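Visitor: In case you want the letters, here they are:
2 protein chains.
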Amino acid sequence: MELIKVGGKLAPFIKEPEQFLGKDVDFKGVVYRIKDLGNFSFIHVSTAKGILQCIVEGELGEVKEGSAVHIWGTVKKAEIKDKFITPRNIEIQVKKLEVLSTPEASLPFDITKKKLNINNDVKFDLRMISMRYPKERAIFKIQEGLVQGLRNYFVAEGCTEIRTPKIVKAGAEGGANIFEIEYFGEKAYLTQSPQFYKEFCAGVFERVFEIAPVFRAEKHNTNRHLSEYTSVDVELGNIESFHEIMEFEVGALQSAFNNLKENYQYELELSGVELSGFSEIPVLKFHEVKEIIKKEYKVDNLKEHDLSPFEENKICEYVKKETGSEFVFVTHYPSSKRPFYAKDDPENSEETLSFDLLYKGVEITTGGQRIHDYNELILKMKQRGMRPEEFEFFSVAHKYGLLPHGGFGMGLERLTQKVIGLDNVKSATMFPRDVHRLTP
Amino acid sequence: MELIKVGGKLAPFIKEPEQFLGKDVDFKGVVYRIKDLGNFSFIHVSTAKGILQCIVEGELGEVKEGSAVHIWGTVKKAEIKDKFITPRNIEIQVKKLEVLSTPEASLPFDITKKKLNINNDVKFDLRMISMRYPKERAIFKIQEGLVQGLRNYFVAEGCTEIRTPKIVKAGAEGGANIFEIEYFGEKAYLTQSPQFYKEFCAGVFERVFEIAPVFRAEKHNTNRHLSEYTSVDVELGNIESFHEIMEFEVGALQSAFNNLKENYQYELELSGVELSGFSEIPVLKFHEVKEIIKKEYKVDNLKEHDLSPFEENKICEYVKKETGSEFVFVTHYPSSKRPFYAKDDPENSEETLSFDLLYKGVEITTGGQRIHDYNELILKMKQRGMRPEEFEFFSVAHKYGLLPHGGFGMGLERLTQKVIGLDNVKSATMFPRDVHRLTP
Numbered sequence: 049m050e051l052i053k054v055g056g057k058l059a060p061f062i063k064e065p066e067q068f069l070g071k072d073v074d075f076k077g078v079v080y081r082i083k084d085l086g087n088f089s090f091i092h093v094s095t096a097k098g099i100l101q102c103i104v105e106g107e108l109g110e111v112k113e114g115s116a117v118h119i120w121g122t123v124k125k126a127e128i129k130d131k132f133i134t135p136r137n138i139e140i141q142v143k144k145l146e147v148l149s150t151p152e153a154s155l156p157f158d159i160t161k162k163k164l165n166i167n168n169d170v171k172f173d174l175r176m177i178s179m180r181y182p183k184e185r186a187i188f189k190i191q192e193g194l195v196q197g198l199r200n201y202f203v204a205e206g207c208t209e210i211r212t213p214k215i216v217k218a219g220a221e222g223g224a225n226i227f228e229i230e231y232f233g234e235k236a237y238l239t240q241s242p243q244f245y246k247e248f249c250a251g252v253f254e255r256v257f258e259i260a261p262v263f264r265a266e267k268h269n270t271n272r273h274l275s276e277y278t279s280v281d282v283e284l285g286n287i288e289s290f291h292e293i294m295e296f297e298v299g300a301l302q303s304a305f306n307n308l309k310e311n312y313q314y315e316l317e318l319s320g321v322e323l324s325g326f327s328e329i330p331v332l333k334f335h336e337v338k339e340i341i342k343k344e345y346k347v348d349n350l351k352e353h354d355l356s357p358f359e360e361n362k363i364c365e366y367v368k369k370e371t372g373s374e375f376v377f378v379t380h381y382p383s384s385k386r387p388f389y390a391k392d393d394p395e396n397s398e399e400t401l402s403f404d405l406l407y408k409g410v411e412i413t414t415g416g417q418r419i420h421d422y423n424e425l426i427l428k429m430k431q432r433g434m435r436p437e438e439f440e441f442f443s444v445a446h447k448y449g450l451l452p453h454g455g456f457g458m459g460l461e462r463l464t465q466k467v468i469g470l471d472n473v474k475s476a477t478m479f480p481r482d483v484h485r486l487t488p
Numbered sequence: 049m050e051l052i053k054v055g056g057k058l059a060p061f062i063k064e065p066e067q068f069l070g071k072d073v074d075f076k077g078v079v080y081r082i083k084d085l086g087n088f089s090f091i092h093v094s095t096a097k098g099i100l101q102c103i104v105e106g107e108l109g110e111v112k113e114g115s116a117v118h119i120w121g122t123v124k125k126a127e128i129k130d131k132f133i134t135p136r137n138i139e140i141q142v143k144k145l146e147v148l149s150t151p152e153a154s155l156p157f158d159i160t161k162k163k164l165n166i167n168n169d170v171k172f173d174l175r176m177i178s179m180r181y182p183k184e185r186a187i188f189k190i191q192e193g194l195v196q197g198l199r200n201y202f203v204a205e206g207c208t209e210i211r212t213p214k215i216v217k218a219g220a221e222g223g224a225n226i227f228e229i230e231y232f233g234e235k236a237y238l239t240q241s242p243q244f245y246k247e248f249c250a251g252v253f254e255r256v257f258e259i260a261p262v263f264r265a266e267k268h269n270t271n272r273h274l275s276e277y278t279s280v281d282v283e284l285g286n287i288e289s290f291h292e293i294m295e296f297e298v299g300a301l302q303s304a305f306n307n308l309k310e311n312y313q314y315e316l317e318l319s320g321v322e323l324s325g326f327s328e329i330p331v332l333k334f335h336e337v338k339e340i341i342k343k344e345y346k347v348d349n350l351k352e353h354d355l356s357p358f359e360e361n362k363i364c365e366y367v368k369k370e371t372g373s374e375f376v377f378v379t380h381y382p383s384s385k386r387p388f389y390a391k392d393d394p395e396n397s398e399e400t401l402s403f404d405l406l407y408k409g410v411e412i413t414t415g416g417q418r419i420h421d422y423n424e425l426i427l428k429m430k431q432r433g434m435r436p437e438e439f440e441f442f443s444v445a446h447k448y449g450l451l452p453h454g455g456f457g458m459g460l461e462r463l464t465q466k467v468i469g470l471d472n473v474k475s476a477t478m479f480p481r482d483v484h485r486l487t488p
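Chains as they are written, first to last, in the numbering used here: chain A, 49 to 488; chain B, 49 to 488.
Worth flagging that the hints you see were computed from the coordinates, not collected in a lab.
All values derive from a computational prediction rather than experimental measurement.
Accuracy of the hints is not assured; some may be wrong.
Any copy will do: because identical chains look the same in the list, a pair fits if it lies in one copy or spans two.
[To be verified] Derived pair list, reagent style EDC-like, types lysine to aspartate or glutamate, alpha-carbon separation capped at 20 Å:
hint, residue 1, residue 2
1, K362, E50
2, K53, E205
3, K447, E113
4, K369, D354
Using the sequences and the hints given, assemble the complete structure.
Guide: Here it is, written out as structure tokens:
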């Protein structure tokens with residue numbers, strides 16, 4: 049019998065091109081840009097790792113922008129200024145070029161210029177093309193880098209990676225923004241949050257995380273909302289205080305930022321992002337935020353039990369001015385605005401042991417300690433007029449013993465958006481879904 | 049303003065308990081088992097990393113199985129035989145024990161014995177409890193280890209991690225087993241596969257992967273099917289032959305198995321799994337499989353254009369006997385049974401440049417080269433009686449140029465099931481979903 053051996057590997061030259069200076073190499077890629085200068089041409093070739101500069105002397109032949117090519121050549125030293133190219137200290141003197149495939153049509157917009165001159169509708173309608181623009185591609189490399197940095201931290205700190213169901217019988221958040229599906233003749237829903245399941249899993253593995261899609265039927269088309277997004281969920285068992293959860297999140301975000309700085313320098317530069325380091329994040333209580341907003345911005349919302357987008361924005365502005373931090377934790381949200389499973393402050397039952405993390409003007413995380421005691425949970429449900437028997441599949445975990453626990457959920461697309469400074473969360477989503485968009 | 053610093057870290061003792069021999073430590077966990085021996089008691093305490101043996105002299109006090117506890121004690125050398133305990137070369141002489149929380153009720157079944165005596169219905173109904181049984185927990189640690197090993201390989205070989213939508217306008221696989229949802233007044237579906245999107249992304253990043261849920265409305269309740277499962281998807285650009293994809297998968301599986309052997313020894317031992325190493329996988333053509341089945345097992349299915357579960361099982365048995373391999377690639381599936389985007393063999397248009405990977409009797413992967421040429425794709429759709437205009441959102445990528453590419457999708461739960469030797473794929477799923485099961 050024939051045997052398939054390990055292979056299909058990325059060419060070593062593409063992995064570490066600078067190691068091949070002076071050597072003859074061959075590699076494959078897609079022609080991103082051609083600059084014909086008469087006697088010779090620059091061909092910029094997109095690979096799995098970046099865009100390489102190649103020089104072809106004489107006639108170019110059949111090759112076009114968008115052609116997949118196989119190139120043989122010699123690696124030479126270079127000093128390239130164009131930020132789209134990486135690495136910029138080498139180029140390839142082409143000896144032979146073979147065209148592997150050729151596009152049927154030229155692109156409907158130019159992806160080789162400094163600016164991509166299309167509106168958001170075209171950008172999303174032709175996402176498979178617009179992502180080929182290096183600055184667009186960089187967004188999703190940065191997103192990948194954030195995920196890697198977060199995941200590395202979670203694993204290093206003893207979290208087990210879990211996989212929870214997306215089709216559920218009851219929503220964790222309740223409310224109207226839930227998608228209904230027909231499930232073999234039964235009503236079911238798309239999950240809004242893995243909340244119940246990560247609590248179950250904290251009772252098994254103590255510390256868990258999941259990075260997976262969640263669904264919200266958001267009827268408003270804003271620059272902050274998606275009907276499908278990636279939730280970075282963590283749940284930590286055996287906590288003594290919900291401060292431990294915030295401390296854990298500081299560490300996780302630090303790890304994510306460090307991973308970007310170490311491994312995504314090209315993409316950060318291309319996106320014009322200068323990441324500031326941090327090892328601590330300021331914290332304010334909910335009522336302190338309300339008072340600061342009143343005092344500093346003359347808006348009196350003291351009776352509102354939530355923060356408006358305006359207030360989130362302004363408190364970030366204030367904290368940045370006062371401390372230099374782009375992040376701020378807001379704690380002790382009113383119990384009335386938090387879900388039933390949130391743990392009330394034993395010293396003031398109108399407030400919860402909960403927090404939001406705001407970053408550059410928007411909420412990117414909601415978290416807090418949960419009720420772990422069975423009787424406390426049943427009582428809270430009754431106080432809210434809920435029928436505990438409907439949530440027996442959840443409270444059964446508490447009945448048979450759950451450890452003190454809490455966690456957070458972070459919106460990956462919002463984090464990506466704000467790291468890069470994009471004006472819309474959809475721009476930080478490969479294939480966004482909203483009330484008007486279901487394709488591609 | 050107060051500041052939240054990095055913290056909430058897992059105790060160093062729990063990370064590397066053997067490093068603390070002879071030292072005084074404190075840690076938290078949940079009491080898994082109590083063995084009261086009169087003068088002293090064994091308390092086995094479940095932590096984020098495993099189950100530790102603790103010894104309490106004298107009276108036990110209020111502590112119960114299921115209690116969350118904070119323990120202070122001295123780490124001593126030990127030789128423990130019980131396979132549920134890890135590590136087995138140390139134990140903790142307890143100086144002080146504080147109960148942090150206590151269960152409302154005793155567990156409905158015993159999770160401390162060698163065997164968990166419950167049927168599958170109870171196991172799944174009370175998943176949050178049954179997963180606390182060490183052998184059940186081990187299943188999902190092994191699943192985590194497989195994912196880590198795969199992901200490490202994908203990243204090392206230059207794949208970008210992508211996130212594609214789960215709510216889609218058209219299914220990639222077609223057919224009846226697709227869940228419909230109401231999307232703001234429009235009909236939409238839950239994705240059966242990220243196929244279209246990973247092809248788009250191969251045109252952007254060259255090599256991509258995604259590990260995410262997919263959905264199939266499987267009306268048959270078998271031990272092979274789930275209505276929601278985790279698909280490990282890879283797409284590689286600039287391939288010369290679909291053999292590269294198989295070679296890549298051999299490397300990825302090797303990395304997954306090696307990660308288990310290096311980092312999940314406790315769980316493998318607990319599950320009674322001895323993983324055999326491999327660096328190559330035998331390959332047979334589809335028609336060769338049919339001929340072997342006819343010759344060896346006297347079953348003549350030569351005219352059927354697919355392999356039956358019986359045939360998958362038997363060909364694995366045959367290959368194991370002939371070569372010792374538990375894996376076998378089957379290539380060149382008939383075009384009639386593969387989706388429209390599959391690339392036909394230029395030498396025989398009735399066969400595709402495709403493969404399945406079978407492992408211990410079942411298909412765990414489907415893969416192959418795709419059509420990258422626009423005109424070839426349009427022609428194939430027409431030949432199949434499809435209306436190309438309905439798939440314009442897909443073929444637009446081909447129109448503007450796609451590189452030669454292909455990939456595979458692997459069912460994570462089936463892989464986990466077969467690695468461990470479980471009799472049902474649902475047992476390799478934390479919270480399985482099938483035609484009869486929507487909870488918990």
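Visitor: Work down the list of hints and note, for each, if the structure agrees.
Guide: Going down the list of hints, with the structure as the test:
no. : hint        : result
1   : K362 / E50  : between (67 Å within a copy, 19 Å between copies)
2   : K53 / E205  : between (36 Å within a copy, 16 Å between copies)
3   : K447 / E113 : between (64 Å within a copy, 13 Å between copies)
4   : K369 / D354 : neither (23 Å within a copy, 67 Å between copies)
Going through the hint list in order, the structure does not satisfy hint 4, though it satisfies all others.
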